[in-house]
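Let the sequences and hints guide you as you build the complete structure.
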Amino acid sequence: MESVYVAVLLLWALLFIYAVAGSIDFGTGFWAMYYSRQNHYKATTIANNFLSPAWKVTNVFLVLLVVAFVALFPGAAPTLGTLMIVPFCLVLLLLTIRSAFLVYAYSTKKYSRMLTLVSGLCGLFIPAILVSILPAAIGGFVVVAGDKQYILVNELFLSPAFYTHVGFGLVTQLFISALFMCDYAKEAGDESTASSYRKNAIFLGPVTLVFAVAAIFTLIPEAPWMFEKFLSLWHWYTLSLFAFALGYSALWWRSKTSHLGHPRAALLLIVVQFGLASIAYGSAHLPYLLYPNVTIYDAFTNETMFRYLLIGFLIGLAILVPVFLYFWRLFFKDKAYLQSDQHDYS
Amino acid sequence: MDHVLLARMLFGTSMAFHIIFATLTVGLSLMIFFAEWMRALRNDLDYAILAKRLTKGLAILLGVAIPTGTIVAIMLSLLWPGFMEIVGQVIALPFQIEIFAFFLESLFLAIYVYAADRLSPAMRIISSFFIAFGAVASAVLITSAHSWMNTPRGFDIIDGQIENVNPLAAALSPSFWSTSYHVVSTAYMTGAFVLCAVAAFKLLKPSITAAEVRYHQKGLMLALVFGFLMSVWTGFTGHDTTVMLYEEIPIKLAAAEGLFDTQTNAPLTILGTPSPEANEVIGGLEFPGLLSWLATGSTDGVVQGLNDFPVEQWPPLFVHTLFNVMVGIGFALIAVSGLGLLFSFFRRKQDGIRFPKWLLIALVAAGPLAMIGIETGWIFSCTGRQPWIIFGVQTTAEAATTSGNLGLLFFLFSTLYLVLLILTSFVMYFYFKRNPLRQDMSAFR
Ligand code: HDD
Ligand code: HEM
Ligand code: HEM
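Those sequence lines, one after another, are chains A and B.
All letters in the first sequence, in the order written, are residues 1412 to 1757 by the numbering used here.
All letters in the second sequence, in the order written, are residues 140 to 584 by the numbering used here.
Source of the hints: derived by calculation from the structure; they are not laboratory data.
Where hints are given, some of them may not hold.
Just some of the chain B residues that point at chain A, by a computed CB distance under 10 Å [said to hold, decoys possible]:
id, residue
1, A212
2, V226
3, E302
4, L433
5, L548
Even for Gly, the Cβ is constructed at its ideal location relative to N, Cα and C.
Following this line, the structure appears as structure tokens:
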């Protein structure tokens, strides 16, 4: 395979991991806030037991994603720096408030309700803004004047594609995180909390599907070139639909031990569905990083740097994977931890 | 206001804010490791309490260090796209490895904090070690990128294209070692002196009990010994960095010292205002020959002055003051911590507080002073590089984004930082008020 395709694949893998991990992270933050407002104490605690050790690790993935993007495709930096500055800065502001308030909320019982509200809401909008960058990246909304580029903000705000993408970002994170929390609560042996989260997932599944389809169809007028490619990638979308149907149905699969179906299988299949759809979306996007000016070939770094980055990556992974496994065992497998109530630290 | 200036203000403010929290987490995480170690060594629960309380402080600080770090990392691409285009091709490696250091730190911090009751004593020490290791590794790796900006190596520019890239030569540029040692020694001394300041502040309270005196004095001693060692080491690393400037970036040294004419027997001038009209520093304190001696090892050594360089390439001359403040703080802190050690040695047998009140007050001041040292040092280093972003290769103006909207963003981010600074102080205050030392002491006994 050509190096540039290895790089794209690597970037896609990171994007995919962050999309899933970030959705779970921000979605769970929202659920923690929502259930604490409802005074559903156990659902809040379980959400917090996941969030406390995990949010920092998820955040590192975001940084890794951005650093890998600029390192592998430095040629995209100028366009990124001018076009994306406002949405990215918005995300950064929200992210900072979200993380800091999350930590504050654990540390001051007195104001924790208000702090949790702010952090839950800020977190909720981050994936929405990130996803809304997609329509801006596929052309339609970018003009080039001289050597400067501008986003046509008014047109973007008037376009249905923008709103379907925002909606899609909102509901997917809630859907995936509800599935995840359902499984996490089940692992903790808390059937009633798991069943609350399962209800959310059952409601959000079809809504997510509707938004996903709407997001694709609203793209037609904005990026016909991309839609043509979608058509030739129909088998990926069919597979993805199939994975969705299978995953959604897993919530009703018969299980010997509980009446909750198989949330673990559901979660995994939905993640697979996400992967398939994003491969299709990504391949339709290629070779453009930002349509029509920046292709992956123009933006790619040099071969030497690429080789070093790859080696650095492999060594890093070799060191981190054992630590990740240890982390997983401590926080995702240990019943005593899952059932504990430790808000004390952040 | 033009957008280059706005971009510089936005980025500089963000860095200056991140560094407060980042430096403290580097220093504190090592102090936690020491506390865990002492606990195992002496079997003394006071150190367990110290580790626990420091960890809580660390967790709150990281709540700001991590998102602000994310801000600066992403802003680097947004505000300096021209710069990142070169960075991506030449010095991406340390940025990438740094991420793995972050992972290490975050994972082990979660393990250390949330699995504390399930860890064996050995595993507790190992986890706290890796937190400290991850933190200092991230500082060294980012310093690799920073020192490359001062002494860029590992590539050639041929017809505007970047060729012959050598990522290792870039990462280990000539200023890498001296700068890294200096950054690490100063981060450690800052962590230690902030801890000193807290303990000394507590010892100044009139209502303190004997058990609390014992506890705070242990924390103070731990921090004082380490702070003294690190501040002496900082003197040496600072000197090495100055010699590095002499060899690699003489114009920066000339601006730092306010030296206009190239000369042998060059004087070291403290304070005062460098004046291009007068061709000298006005109102400064002059030590003849000292600068030549410090930079070259002999008073006969030649030190280049600003007049050797075109005026457009001069950094702003106020960096002289920043440099003086940093160095002054370095010597003041060696003195304060040295005195502290003397007192504790000669009053060893005495019960109760070993330090006179004036010294405790000086120790309280040591924490903020060290932080000011960090801030002035970094602002000196970054502003002293102007007008270059990559010294001799790319100017800051060439690298900047052409986007508008920066004024609004500057306003929004500055407000955010101000709010976070206030809130973080409040949260710390409320947390430690609600969980006083007495409570931890009775919980552990
Ligand atoms: C507690 C903080 C602190 C203290 C007491 C000192 N420094 Fe420092 N200094 C720093 C904190 C710092 C820093 C923040 O870590 C810098 C900024 C950039 C860097 O690489 O390190 C720095 C940079 C820095 C530079 C510029 C490097 C460059 O531009 O790349 C020089 C020449 C010195 N230092 C020299 C000294 C000397 C001779 C000191 C006398 C004891 C001293 N520093 C004390
Ligand atoms: C951590 C403490 C740091 C502080 C307080 C700091 C402060 C500043 C300030 C005040 C400026 C504006 C300079 C001016 O325009 O006069 C600046 C610029 C800059 N700094 Fe630093 N800096 C720090 C560390 C770093 C590091 C580690 C890097 C490298 C990765 C870095 C990269 C830059 C860049 C790219 C610019 C913009 C271009 C320029 O003005 O030269 N900074 N910084
Ligand atoms: C010398 C100055 C700096 C020091 C000592 C320093 C140190 C640190 C430390 C200790 C952390 C917390 C790590 C963690 O627990 O994850 C941190 C966070 C971070 N820093 Fe800095 N940093 C410095 C400058 C910079 C610069 C210039 C950048 C940008 C290029 C940067 C990017 C980051 C990022 C992205 C994070 C968040 C990582 C995460 O998500 O966990 N830092 N920094």
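Against the structure, the hints:
Among the interface hints, the one on A212 of chain B holds; its C-beta lies about 5 Å from the nearest C-beta in chain A, closer than the 10 Å criterion. Interface hint at V226 of chain B: satisfied, since its Cβ lies 7 Å from the closest Cβ of chain A, which is below the 10 Å cut-off. A least Cβ separation of about 8 Å between E302 of chain B and chain A falls short of the 10 Å threshold, and the interface hint therefore holds. Among the interface hints, the one on L433 of chain B is violated; its C-beta lies about 38 Å from the nearest C-beta in chain A, farther than the 10 Å criterion.
Using the Cβ-Cβ criterion of 10 Å, the hint placing L548 of chain B at the interface with chain A is satisfied: the shortest such distance is roughly 5 Å.
Comparing the model with each earlier hint shows a violation of hint 4 alone; every other hint is respected.
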